[in-house]
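A.B. asks: One-letter residues, chain by chain:
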Amino acid sequence: MVEPSAPSGAPIWSRQGWRQGFKLGMPVLAGMSLFGVAVGTTSARIGLDFVDVLLMNVFVYAGIAQMVAMEIWPQSMTWGAIAALTLVVAVVNSRLLLMSASLQPWFAPLPGWQVYPLLYYLTDPGWLISMRYRGEGGRDLGVHGATTVLFLLVWLVAVIGGYFLGSLIANPQRYGLDLAMPVFFAVMLVPLWRGPRRGVAWVIAGAVALAVQHFVPGWWFIVAGSIAGAIAGGFLEPDGTAAKKPS
Amino acid sequence: MSGIDLDRYGVWVAIAAMAAVTFLIRAGGFWLMEHVPLTPRLRRMLEVLPGAVVVATVLPIVVRGGLASGIAIAGAVLVMALRRNDLLAVFCGLAIVAALRAVL
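Respectively, the protein sequence lines represent chains A and B. The numbering used here applies: residue 125 is where the first sequence begins, and numbers increase by one. The numbering used here applies: residue -17 is where the second sequence begins, and numbers increase by one.
Only chain B is shown next, with the shape it has when bound in the complex (with noise of 0.2 Å):
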């Protein structure tokens, strides 16, 4: 270990043990999941997980960013909920949170 530079290649050693984590990770789901059977619970859990990561993600963003962002969200998920268009849908939101700021 100390064979090696690092004040010439730390950087670089740095990036690889950041890639290599990284990798480990997005290919150890994948992996686990070959040598876990996938039962009827398990399944269930995997099918409510996409909405389970959005709303984990999102609510904490919309209840640090305010009144704008919480408008904003509510009013691009309705948009969606009508007209079933992503890209008007996220369209409007930004609109909506561009004119409040304005606004506020």
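This is chain A alone, in the form it adopts within the complex (with noise of 0.2 Å):
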């Protein structure tokens, strides 16, 4: 990890990172494609107009959120109803506070005029693929803008071809599709691997996910298990001085 205050750390754009970042995300657009066929499909289902639609991919951008407040969406709109699909929205979407909290090193130097509307387009993938880019020492901002613009771009076309066309797609199970994201995200875990300080805060952040799942309803399972994950790995002393060096 480089020091977010060396030199060696200071962010940049350059094209190559441009690059580089479209490289890196290919392997999402499967899977996000697939999302936003299925929230576009959704969105015609309940009855949204088009207008709607637009609306809520670009100022809210948020899938996983976005399907769960759909399934709760009202007949006809009443504050009570508003007020639930925000807080519906505000705990689905509550992982993004930390993923925007381990930018902030990274993100700190720049003007307001980037970071805000780099944050106000992060995604988990995109997020993920900088984290591991940054972890192995990479300090180009362009693989960030990179992802975030593909992305941007790819699910509004995939939400808009889902709105329209959706019912035409047949059962993407089969292809194995629906599994994409998961995959891509699982695969992540190779090169974020430190050792096994990092495995065993991993293991602690995916049992407490699954008994969270186990006993409360809804999507708390992916927020609990990971801050208590980062806290096992906050705690844990880096690997060979443990119990020997107070931090």
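Read the hints as simulated data drawn from the structure, not as lab findings. Since the model is a prediction, treat every value here as computed from it, not as a measurement. Yeah, the Cβ is synthetic: ideal placement off N, Cα and C, and Gly gets one too. Some hints here could point you the wrong way.
Unchecked claim - What follows is a list of derived Cβ distance ranges for each label pair:
(1) Val175(A) with Leu60(B): 25 to 33 Å
(2) Tyr244(A) with Val18(B): 17 to 25 Å
(3) Leu60(B) with Thr202(A): 47 to 55 Å
(4) Asp(-11)(B) with Trp317(A): 48 to 56 Å
(5) Val182(A) with Glu16(B): 24 to 32 Å
(6) Ala77(B) with Thr202(A): 43 to 51 Å
(7) Ile53(B) with Val175(A): 39 to 47 Å
(8) Arg46(B) with Leu292(A): 23 to 31 Å
(9) Val182(A) with Asp(-13)(B): 20 to 28 Å
To be verified - A partial selection of chain A residues facing chain B, derived with a Cβ cut-off under 7 Å:
(10) Val213
(11) Pro306
(12) Ile346
Join the two chains, each given in its own frame, into one complex according to the hints.
C.D. replies: Rendered as structure tokens:
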């Protein structure tokens, strides 16, 4: 991990970075497109206008949260329904708070007009690709910019396609496409591996997520497991120095 | 509040509220970290976070998805460990699950 204050860690933007980012984003596109089509199809099914769909996907741009919100979408909108939708979206998206926090050491030297648009369009796979790249010593923001732009465009095309043509796509499960995103996530564990200390934290994250999923309805398991794993990682000493050097 | 005609604009109000809360969350982590000193412990926590998010997201999906998805994910991770090619690994994982679902 590059020290954020060190000059070598200062962020740069370069054309090679953009190119590398587009390449790193490719493995995500199958899963993301399928999910976008599902969101578009669901939007049509619950009777949203095309303008509403565009507004939601340009301004909310949070697929899982939109799916859960559309599950509870009311026939006619009331203030109570709006409050419930907002709460559900906040809960499902709360994991993004942790991701945004972890980007701060990298983004901190940037001006606000660059930071906030990048954060506005922050996605799980884009964040994961950037954290892997950053963990390997990278500092080129073109990588993050490229996945941000690529995913936004692919998402909008997929949602619009799903809105108008979704019913034409039969049974994506047959090709395993519903697993595309989980598979990509799991694959990212390999470059993120840094030895057993991190492995222990991951096991704790998984165990807490499974337990919370079992006992608590909804999507809290992602946030609970992530926080538990991060805390465990923070309190386990770095490899080889256990119980010798106080931190 | 009661001045807004929800029958006409309710969907837009809902979308605006959803967009606002989502942006507050996306910007909030960055904003918080600007006001909290980055201690070594906190940095270690943030370093572990990506893997922890992955495991906390994927493991419950695998457990719910059954044997085929478990084997597919394990296969994809193995391909990644051997070849270090994420596109190939994702493709192998999807091929495994498609094949297993055709058989099972």
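A.B. asks: Taking the hints in turn, state whether each one holds.
C.D. replies: Results of checking the hints against the structure:
1. Val175(A) with Leu60(B): 25 to 33 Å: 46 Å, violated
2. Tyr244(A) with Val18(B): 17 to 25 Å: 22 Å, holds
3. Leu60(B) with Thr202(A): 47 to 55 Å: 51 Å, holds
4. Asp(-11)(B) with Trp317(A): 48 to 56 Å: Because 54 Å falls inside the window, the suggested range holds.
5. Val182(A) with Glu16(B): 24 to 32 Å: The hint (24 to 32 Å, Cβ to Cβ) holds, given that valine 182(A) and glutamate 16(B) are roughly 27 Å apart.
6. Ala77(B) with Thr202(A): 43 to 51 Å: 48 Å, holds
7. Ile53(B) with Val175(A): 39 to 47 Å: 44 Å, holds
8. Arg46(B) with Leu292(A): 23 to 31 Å: Given range 23 to 31 Å: holds, Cβ gap about 28 Å.
9. Val182(A) with Asp(-13)(B): 20 to 28 Å: Holds, at about 24 Å.
10. Val213: Holds: closest Cβ of chain B sits about 5 Å from valine 213(A), inside 7 Å.
11. Pro306: It holds, given that the least Cβ distance between proline 306(A) and chain B is near 5 Å, below 7 Å.
12. Ile346: 5 Å, holds
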